[in-house]
Amino acid sequence: MKCPRCDSENVRVMTKAPVEEAWEIYVCDKCCYSWRSTEKIRIHEKFKLDDEKIGAMQVIPPVPPLNEK
Amino acid sequence: MGKICTSLRDFLEVLEQEGQLVRIKEEVDPEPDIGAAGRAAANSQEKPAVFFEKVRGYTNPVVTNVHGSWKNHALMLGMDKNASVKEQFLELNRRWDKYPVEPRIVAREDAPCKENTITENINVFDLLALYRINEQDGGFFFSKASVITGDPESPDDLNKLNVGTYRIQVKDKDRLGIQALAFHDIAIQLEKAERENKPLPIAIALGNAPLVTFMASTPIAYDQSEYAFAGALQNGEPVEIVKADTCDHLYVPASSEVILEGYILPRVRTVEGPFGEFPGSYSGCRKQCEIQITRITHRTNPIFENLYLGIPWTEIDYLMALNTSVPLYKQLKESMPEVVAVNAMYTHGIGVIISTKCRYGGYGKGVAFRLLSTPHGMPYSKVVIVVDEYVDPFNLEQVMWAITTRVRPDKDVTVIPNCPGMPLDPSSYPAGMHSKLIIDATTPVAPEPNPREVELLEPPEDTEKWEEIIRQHLEQLK
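Protein chains in written order, with our numbering: chain S, 1 to 69; chain X, 1 to 478.
Keep in mind the hints are simulated off the structure, nothing from the lab. A few of these clues could be false.
Which residues of chain S face chain X? A few of them, derived with a C-beta cut under 10 Å, are [as the list claims (entries may be wrong)]:
1) R5
2) P18
3) E20
4) Y33
5) S34
6) K40
7) H44
8) L49
9) I60
10) P62
Predicted, not measured: the structure shown is a model, and the values here were computed from it. Here a beta-carbon is modelled for each residue, glycine too, at the ideal position from N, C-alpha and C.
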């Protein structure tokens with residue numbers, strides 16, 4: 001199975017439905033996208049991710065410098 | 001004055017009695033049913049809360065749109081559900097002055113949020129019927145959580161305990177992402193912890209007393225207490241709080257449905273988003289902080305409360321309407337007593353209308369500058385309209401009248417470039433920078449010339465009598 005957002009194969013089952021085995025939830029360990037097995041996933045082209053986009057993402061809030069000991 | 005509810009469960013009962021809660025007994029799907037119902041409730045005439053008793057695959061119920069109408073907002077304040085927006089603004093102003101009403105600390109065994117404890121195999125999906133709110137969201141989000149953090153440099157100062165609303169993405173069974181923007185109070189605390197490379201303890205309260213959730217999304221000063229304000233807004237009834245289990249200086253609302261406890265991992269940022277946000281559009285992906293959950297406590301059969309966000313107005317707009325207007329009004333009033341009312345209900349105060357008496361020429365513009373230098377107004381407010389003291393800023397027809405008949409664009413419309421901006425506003429570029437627009441729709445006073453001074457129309461003598469006669473005739477037609 002591939003991540004529908006970044007095409008990574010680094011995906012796994014995050015959890016299963018607490019009752020009735022109604023669904024599973026998957027998560028991509030590369031881009032953190034998560035989805036349910038019962039959903040129709042249609043990701044807009046502009047929200048698709050790749051290494052370049054992930055590398056260029058804004059960091060919020062910026063990581064401050066460490067205090068000097 | 002009606003009942004002021006100090007727990008979500010009490011409030012849901014009141015909403016149901018007043019015909020402002022719809023109960024769905026049939027099983028629904030997590031997607032798209034719950035998000036769709038949140039949008040549909042906002043589209044409807046009565047805009048009720050929607051309570052789902054059974055969600056496929058889950059054990060516990062969900063409720064949405066709890067704050068999502070002026071009727072529900074009035075009932076939250078214990079007012080008649082038909083109270084006008086201006087009446088609710090005035091009542092909030094009155095209660096605001098009761099601050100501080102210090103919270104009451106209760107013992108753990110007296111706190112409903114501590115009825116059950118989970119410390120092993122933590123899985124938020126076991127307890128909470130999470131669902132995707134909007135189709136392009138990057139995952140499952142808490143959109144209505146009250147997040148509690150302390151100041152690492154003065155942990156025992158309860159006034160610096162921050163209770164705020166931040167969007168939270170579920171990253172794993174026991175791992176969350178959180179958006180802490182640089183100008184948010186939580187970012188001040190996080191920076192202190194991260195400079196020392198230390199985790200920041202955090203508690204997340206879900207399903208709270210309606211005025212606690214309301215205060216968590218109210219912009220107040222860093223050293224003011226949200227709990228002491230919520231007590232004031234509960235008309236003097238203190239909020240009951242209880243010490244968190246995992247951190248001695250964090251206190252959580254005792255009546256909440258669920259408390260997640262843990263810490264923000266220092267100096268870690270991972271992909272978060274997109275998320276359909278309050279400006280009515282998606283905010284894209286960014287690298288943001290992560291939370292490790294180490295403990296959950298909850299009421300038995302907890303109710304998961306979450307909200308829908310869409311193109312305004314939806315539930316979130318009621319949680320950033322009068323609670324944005326009142327603190328801005330109070331801050332202006334302190335130094336400018338001529339200010340009569342502030343309507344900052346548009347997209348969390350990005351748009352603001354101020355009514356004021358003008359003491360001398362240029363005063364209207366000065367009031368706008370004051371607004372743009374308040375802690376909230378500086379980054380958020382972008383379009384500021386100033387009207388005379390007799391114009392009701394909550395009556396948009398009157399405001400448009402003031403703009404169309406008072407404004408001379410060449411001198412009354414001002415654009416100030418290169419100011420702070422709200423990064424989630426898609427017209428802010430680069431995100432976090434913006435220009436400001438001031439429209440001064442007040443009547444010129446000396447020394448500003450007013451060469452075509454006018455006489456305002458007054459209502460004819462018996463207008464009030466005729467209002468009553470017409471009202472009675474309309475009653476008979478019903």
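(message) Next item in the hint list is S/R5. Is there a CB on chain X closer than 10 Å to its CB?
(response) Holds, because the Cβ-Cβ distance from S/R5 to chain X comes to roughly 8 Å (cut-off 10 Å).
(message) Just to be careful: measuring from the Cβ of S/P18 to every Cβ in chain X, is the smallest value less than 10 Å?
(response) Holds, because the Cβ-Cβ distance from S/P18 to chain X comes to roughly 5 Å (cut-off 10 Å).
(message) Quick check on S/E20 please, does its C-beta sit within 10 Å of some C-beta on chain X?
(response) Because about 6 Å separates S/E20 from the closest Cβ in chain X, which is inside the 10 Å limit, the hint holds.
(message) Tell me if the interface restraint on S/S34 is satisfied: Cβ within less than 10 Å of some Cβ in chain X.
(response) Nearest chain X Cβ about 4 Å off; hint holds.
(request) For the hint on S/I60, just tell me whether its beta-carbon gets within less than 10 Å of chain X. (result) Interface hint status for S/I60: holds (5 Å vs cutoff 10 Å).
(message) Just to be careful: measuring from the Cβ of S/L49 to every Cβ in chain X, is the smallest value less than 10 Å?
(response) 7 Å, holds
(message) The hint names S/P62 as touching chain X; please verify it with the least Cβ-Cβ distance against 10 Å.
(response) 7 Å, holds
(request) Please verify that hint: S/K40, Cβ, nearest Cβ of chain X, below 10 Å or not. (result) 9 Å, holds
(message) Holds or violated: the hint that S/H44 contacts chain X, with Cβ atoms closer than 10 Å.
(response) 6 Å, holds
(message) Is the interface hint satisfied for S/Y33? The criterion is a beta-carbon contact with chain X at less than 10 Å.
(response) With a closest approach of 6 Å, the S/Y33 hint holds.
Violation of the numbered hints given earlier is absent; every hint is satisfied by the structure.
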